[in-house]
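Residue numbers (my numbering), protein chains in the order written: chain A, 5 to 187; chain B, 1017 to 1156.
Just so you know, these hints were derived from the structure itself, not from any lab.
Mixed in with the good hints, there may be bad ones.
Cβ-Cβ distance ranges computed for the label pairs, FRET-style [said to hold, decoys possible]:
#1 Gln1146/B to Val39/A: 46 to 54 angstroms
#2 Gly1051/B to Asp74/A: 38 to 46 angstroms
#3 Gly169/A to Thr1080/B: 25 to 33 angstroms
Note that the coordinates shown come from a computational prediction; the quantities given were computed from them, not determined experimentally.
Even for Gly, the Cβ is constructed at its ideal location relative to N, Cα and C.
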Amino acid sequence: MAVNDRVRISLLVLLSLLCLSCSAESEGDASKSEVLKLASERVAVSTAKLGERIEQCSRELENNPVPVLDKRRAASLGASQDDLIVALGYLSFRNSFNCEREARLSMAFDLGTLAMVKRYYDENPGDIDEVRHKLVYPPVDQLVYAVTYSKLAPEIKQFVAQAVGDSPFDLFEALEKNDLLQE
Amino acid sequence: MELLTSSGGFSHLLAQLQKQGIRGFNMPKCEPIAGLKLDQKSLDGIERINKKSKLEKLLAGAITAGVFNSIFTKSKAPVVGYNITQTDWSLYAEAMASVPKITRHAIKQEIDMLLLHYSRPGNYDHKHVQFWRGIKNGCQ
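Please take these sequences and the hints and turn them into a complete structure.
Structure below.
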């Protein structure tokens, strides 16, 4: 590379760095406010979207037919009442959660970002993390059911999963319709 | 409804659930449940539900603070007054309308988990099922 080119490139790099430092110096407090504003707006947007999505999935749940299990097939597989309750329970939570998943992920991310930004600017994030944990994430018991379901015999899992499908459904109507509820 | 209840927590739960509008369309009469002693699982559930109800205010507060922050940032100088755009209001309204939906749903999930627990053969408890079913479906 010719010496003139090197000098030119070096000057360009130096100018860019100077400009960056110029803009940083001129932002000051306004930059912090704008960043907080952006982070908060994102939370507002994802909150609105999650609320909307929850409603859509609830409507889907109400409109979807309740899965009916073939009792003879269940008996031939040796599935106990508890096996079927666990399977229907887990799959009901899974399907509902999957319906809302993207919206929940967005809101969890945006709340986390807002908390991070507040800490970055030495502001108290308050209970943002608790809001995220308790309102956006699934309850721990759902994960307990996921583990319990995973331990069921593969053929029982396959049998119930095939009957249920991937769409949200009303769990207690399903338990009732399949005579799994005690009175 | 005759209930043996935990102190305070249950009354607060009922008040919160009523406020949330967690009730079915048809409100059947509550069947009396005599001698219900809420076990630890239910008491823990009540505590979690009460906490979730309180978090609704925090989320609403975070959104409100964000909108006010937005207004202050856009219009900087307090001399003439703040310009609040339609977009500010629309976003605020949509977000605030969603907050109770999210909370209600989170509470419903807790109730469903409890109902499922008490419906299982090893854990079956008729009174607890009646109680949580009444809470979930709403009755008078």
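Quick rundown of the hints versus the structure:
1. Gln1146/B to Val39/A: 46 to 54 angstroms: 52 angstroms, holds
2. Gly1051/B to Asp74/A: 38 to 46 angstroms: 40 angstroms, holds
3. Gly169/A to Thr1080/B: 25 to 33 angstroms: 41 angstroms, violated
When held up to the earlier numbered hints, the structure conflicts with hint 3 and nothing else.
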